[in-house]
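Engineer: Protein chains in written order, with our numbering: chain A, 1 to 100; chain B, 1 to 658.
Derived by calculation from the structure, the hints in this document are not laboratory data.
In this text, a Cβ means the ideal position worked out from N, Cα and C, and glycines have one as well.
Hints may contain errors.
Derived DEER-like restraints, expressed as beta-carbon distance ranges [claimed, not checked]: (1) A/69 x B/625: 40 to 48 Å; (2) B/626 x A/53: 49 to 57 Å; (3) A/19 x B/613: 50 to 58 Å; (4) B/626 x A/19: 34 to 42 Å; (5) A/65 x B/626: 42 to 50 Å; (6) A/70 x B/645: 17 to 25 Å; (7) B/657 x A/65: 30 to 38 Å; (8) A/49 x B/651: 22 to 30 Å; (9) A/57 x B/642: 29 to 37 Å.
Here are a few chain A residues that face chain B, going by a calculated C-beta distance under 10 Å [unchecked claim]: (10) 25; (11) 28; (12) 94.
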Amino acid sequence: MASVSPEFALLLAGVLFCLGLIGVIVRRNLLFILLCVEIMLNAAGLAFVVAGARWGQPDGQVMFIFLLTMAAAEVAVGLALLILHFNRRKTLNADMMGGG
Amino acid sequence: MLSWIWCIPALPFAGFLVLAVFGGRLSRTLTAVIGAGSVGLSFLAAAAASALFVSYPPAGSSYTLLLWQWVNVTGFSPAISFTLDSLSVVMILVVTGVGFLIHLYSTRFMLDEEGYSRFFAYMNLFVGSMLILVMAENLLLLYLGWEGVGLCSYLLIGFWYTDPENGRSARKAFIVTRIGDVSLSIALFIIATTLGTLDVREIAQKAAAMWPVGSALAVATAALLLGGAVGKSAQLPLQTWLPDAMAGPSPVSALIHAATMVTAGVYLIARTHVLFQLAPAVLLAVAVIGAAGILIAGLSATTQRNIKRILAYSTMSQLGYMFLALGVGAWSGAIFHLVTHAFFKSLLFLGAGVVILAMNHEHDVFAMGGMARKSPFTFWTFLIGAFALAAIPPTTAGLSSKDLILSQAWQSGSAGKVFWALGIAGAFVTSVYIFRLVFIVFGGKPRAAAPAGHAAAPAHSHGAPAGTGAAAGRNGMQAGAVMGLPLFLLAVLCLVGGFLSFPQFLGGKPILVGFLQMTLPQGAVAAEASVQTEWMLSIIAEAASLLGIPAAWLIVRMRVRALEAGGAPVSAAEPAHVRFLQGGWGFDWLYDQVFVKPFMLLAKVNVRDVVDRVFDGVGGLNMLLSRGLRWTQNGRVRWYAAGAAAGAVLIVAAVVLL
Numbered sequence: 001m002a003s004v005s006p007e008f009a010l011l012l013a014g015v016l017f018c019l020g021l022i023g024v025i026v027r028r029n030l031l032f033i034l035l036c037v038e039i040m041l042n043a044a045g046l047a048f049v050v051a052g053a054r055w056g057q058p059d060g061q062v063m064f065i066f067l068l069t070m071a072a073a074e075v076a077v078g079l080a081l082l083i084l085h086f087n088r089r090k091t092l093n094a095d096m097m098g099g100g
Numbered sequence: 001m002l003s004w005i006w007c008i009p010a011l012p013f014a015g016f017l018v019l020a021v022f023g024g025r026l027s028r029t030l031t032a033v034i035g036a037g038s039v040g041l042s043f044l045a046a047a048a049a050s051a052l053f054v055s056y057p058p059a060g061s062s063y064t065l066l067l068w069q070w071v072n073v074t075g076f077s078p079a080i081s082f083t084l085d086s087l088s089v090v091m092i093l094v095v096t097g098v099g100f101l102i103h104l105y106s107t108r109f110m111l112d113e114e115g116y117s118r119f120f121a122y123m124n125l126f127v128g129s130m131l132i133l134v135m136a137e138n139l140l141l142l143y144l145g146w147e148g149v150g151l152c153s154y155l156l157i158g159f160w161y162t163d164p165e166n167g168r169s170a171r172k173a174f175i176v177t178r179i180g181d182v183s184l185s186i187a188l189f190i191i192a193t194t195l196g197t198l199d200v201r202e203i204a205q206k207a208a209a210m211w212p213v214g215s216a217l218a219v220a221t222a223a224l225l226l227g228g229a230v231g232k233s234a235q236l237p238l239q240t241w242l243p244d245a246m247a248g249p250s251p252v253s254a255l256i257h258a259a260t261m262v263t264a265g266v267y268l269i270a271r272t273h274v275l276f277q278l279a280p281a282v283l284l285a286v287a288v289i290g291a292a293g294i295l296i297a298g299l300s301a302t303t304q305r306n307i308k309r310i311l312a313y314s315t316m317s318q319l320g321y322m323f324l325a326l327g328v329g330a331w332s333g334a335i336f337h338l339v340t341h342a343f344f345k346s347l348l349f350l351g352a353g354v355v356i357l358a359m360n361h362e363h364d365v366f367a368m369g370g371m372a373r374k375s376p377f378t379f380w381t382f383l384i385g386a387f388a389l390a391a392i393p394p395t396t397a398g399l400s401s402k403d404l405i406l407s408q409a410w411q412s413g414s415a416g417k418v419f420w421a422l423g424i425a426g427a428f429v430t431s432v433y434i435f436r437l438v439f440i441v442f443g444g445k446p447r448a449a450a451p452a453g454h455a456a457a458p459a460h461s462h463g464a465p466a467g468t469g470a471a472a473g474r475n476g477m478q479a480g481a482v483m484g485l486p487l488f489l490l491a492v493l494c495l496v497g498g499f500l501s502f503p504q505f506l507g508g509k510p511i512l513v514g515f516l517q518m519t520l521p522q523g524a525v526a527a528e529a530s531v532q533t534e535w536m537l538s539i540i541a542e543a544a545s546l547l548g549i550p551a552a553w554l555i556v557r558m559r560v561r562a563l564e565a566g567g568a569p570v571s572a573a574e575p576a577h578v579r580f581l582q583g584g585w586g587f588d589w590l591y592d593q594v595f596v597k598p599f600m601l602l603a604k605v606n607v608r609d610v611v612d613r614v615f616d617g618v619g620g621l622n623m624l625l626s627r628g629l630r631w632t633q634n635g636r637v638r639w640y641a642a643g644a645a646a647g648a649v650l651i652v653a654a655v656v657l658l
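If we strip away everything but chain A, and leave its shape as in the complex, we get:
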C-alpha cells in the first residue's frame, strides 16, 4: 500500500480543522456548530494517526480511540442539551441564546 506522505496528511488535518473552526464561527444553527466541532475533533484525530504512523508507534491510534469515545459522549450530551434548548426557546439560533 502506497503510503501517504505525512506532510499531505497533516495538511489535510489542518484544512479539516480550519473548515470546522470556520463552521463553528460562521454557522448560526447550533446543530451545525456541533457538527463542525466534530469535524475539528476528527481533524485532531487524523493528526494523531498521522503522527503515530510517522514514528511507527501505536500511541496515535490509541489516542484516536480515546477521541472517538470522547466525541460519542460529547455528541450525546450536546444533542441532549440542544433538544432541551429547542424545547425551551423554539429556536436553534446561537445568536439568540444570550439575554433571552
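Chain A is fixed; fit chain B onto it per the hints.
Structural biologist: Okay, now just chain B, sitting in the frame of chain A:
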C-alpha cells in the same frame, strides 16, 4: 506638696467634657453652675497652689510635675509635665481669676442666647487650653495649648454663626494667626533639631552654651518665635484679625481678645527670653514692633465708631506697650502690664457688653449717649476702667505698670529715649480715644432714636437673629447683681492692682516684679535712675495722659455738634484721613491687594485643578479601555469562539515565529 496642680487645667476640661456631652439636656442653671463653677474651682486650686508656692518655695524656685512621657523617639522625649514658677503662677492666677469673673458675668449676659451650653463648653475649653499653655514645661505642650486657644478663639468669634459675616471674621482670625503659628512651629523644629530638646530650661542652658550672641541660628529662632507671638498678640504685621474678632460676644472679647489669649505672645517671649537675649537684633525688633503698634493702633482707635472695635484697637495698643517692655528688657514690667491690662481691659469690655445689651446689640457709639444717667453703676465702673487704661490716679493698675515700662525704656540705652517718647505719645493717644468713648457713650443725651444710625453703622452690626429676638424685650437692661459683681471686683482690682508693684520712688514695693524676677532676668537696667529722674518721667507721662482728656472732649464736642446739625450720623462723608485711620491704616486693604486678591484670582483660574487633570486623565483612559473591552463581552457564543480561536492562532504564531 504641689503634686495636685494637674487639676488646675483639668477642672475646666472636665467642665468642657460634661457640657459638650450632656450640654443639650442640662438646664440653664446647671449649665451656668458647671461652666462658671469649674473655672471657679480651678481658680481656688490655682490660688492654693500659689499660696503654697509662695510660702514654701520649692528648690530652684520652680516646681515641675511630670505626668507622663508623651513621646520618646530617638532621644527626643517631650513629656506631659506642668511647671510652676513665678511666671506661671502669675499667669494661672490671671487666667483663672479674671476668667472666673468673666464666666460669672457670662452666665447672665448669655442667658437669652441660643447655644448657652455650647458657649460655656467653648469657654471652659479655652480656659483649660490657656492653662496648659502657661503651665507647660516644654514648648511642645505649650504649642498644644497655643493651638487649643486658637481653636476656641475661632469657635467663639463665630459663635453667632448664622450670620456669614461672623463666620468670615472667625476664619480671618484663624488664618491670620495660623501664619504666626507656622512660624512658631518652624522655630520649634529648629530648636528640637539643633538643641535636641523642647524643655524650656534645657533650651535656656543649651542655647546659651551652644549659640553665641547674635549667631544666625539664634537670630532665626528668635525671629520665628517672634512671628508666632505677633500673630497671637495681634501686633504688626499680623494685627488685622483682632478688630474683626469683635464679632464674638462681649465676654469672649474680654476673656480671649483682651485678658488672656492675645497676651500669649507676650508670655511666649518672656518664657523664651534666653533665646531673645541671644539675638539683640530681634529684641530690638520686638521693641520697634511694640512702639509702632502703640501708635498705629491707638490712632486707629480714636476714629472708630464701633464701641468694641475701639477697645480692640486699644488692646493692640496696650499689647504694643508689653512688646515695647519686652524689647527694652523690662521682662517683669511686660508681665506686670499684662496683669493690670487683664484687669482694666476686661472691665472695659464687660462694661461695653452691658451698654451693648442695653442698646439692643447696637455697636455704633454715635447711636448711644447719656448712658451715665441710664446706668450709673456701669458708668462708674467703666470710668474706673478708663482711668486705669489711661494711667491716671486714683486708679493704680495701669499707672504703675506703664510707669515701670516707660522708666525702664528711658534707661535702656540711646534707642530707649525714642521708645520712651513714642510711649508718651501713646499715653496721650490712649487717653484721647478712651475718653472720646466715655464722653460719647456716657455723656450727653440718648441718641438711640436715630434709625439712620442703625442702617449706616459700619458693618459688624451683630446679626444674632435668635439673640436679638430674645433681647428685644429688655431694652435698657441694667447690669444686675450677677453681671455687676464682676464689674465691681474688676473695678476694685483696677483701683488697687497697681500696689502689686507700686513705684518705689512713691514709697511702694515692687512685690510682683520682685516675684517675677525669680524667673525672669532683671533687665538691661544697669544703674537705677535717680529719684528726680523717676519723678520727672512720671510727671511727663501723667501730663500726657491728662492732656488727652480735654483733647478728647474737644473732639467729641466738635463731632457731636456736627451730628446734631446734620441729624443722623454720616458715615460716607468722613474725610480721607479719618477713613484711613478707621480702616486700621489700610493694612486690610494692602493684604487684600497683595495676598487675598491674587490668591482668589489664582483659585479662579485654577478652578479645574491642574494636578487633578492628571488623575482625571488616568480615569478617562480607563473609561475608554473599558468601553473598548465592553464591546467584546456581547454575550454571543460565536464571538467568544472566534476570540478563543484568534487567541490560539496568536499563541501558536508566537510559538512558531519566536
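Engineer: Now look at each hint and say whether the structure bears it out.
Structural biologist: Outcome of the hint check:
Our hint of 40 to 48 Å for residue 69 of chain A and residue 625 of chain B holds, since their Cβ atoms are close to 44 Å apart. Taken as a hint, the range 49 to 57 Å holds for the pair residue 626 of chain B and residue 53 of chain A, whose Cβ atoms sit roughly 51 Å apart. A hinted range of 50 to 58 Å for the beta carbons of residue 19 of chain A and residue 613 of chain B is consistent with their spacing of about 53 Å. Restraint check, residue 626 of chain B to residue 19 of chain A: a C-beta distance of roughly 36 Å satisfies the suggested window 34 to 42 Å.
Between residue 65 of chain A and residue 626 of chain B the beta carbon distance is about 47 Å. The supplied range of 42 to 50 Å therefore holds. For residue 70 of chain A and residue 645 of chain B, the Cβ-Cβ distance of about 20 Å falls inside the hinted range of 17 to 25 Å, so the restraint holds. Checked against the hint of 30 to 38 Å, the C-beta distance between residue 657 of chain B and residue 65 of chain A comes to roughly 34 Å, which is consistent with it. The hinted range of 22 to 30 Å is satisfied by residue 49 of chain A and residue 651 of chain B, whose Cβ atoms lie roughly 25 Å apart.
Checking the proposed 29 to 37 Å range against residue 57 of chain A and residue 642 of chain B shows it holds: the Cβ atoms sit about 35 Å from each other. This hint holds: residue 25 of chain A has a C-beta 5 Å from the nearest C-beta of chain B, less than the 10 Å allowed. Look at residue 28 of chain A: its Cβ gets to within about 7 Å of chain B, closer than 10 Å, so that hint holds up. The criterion of a C-beta within 10 Å of any C-beta in chain B is met by residue 94 of chain A, whose closest approach is roughly 5 Å, and the hint holds.
Consistency note: the structure conflicts with none of the earlier hints.
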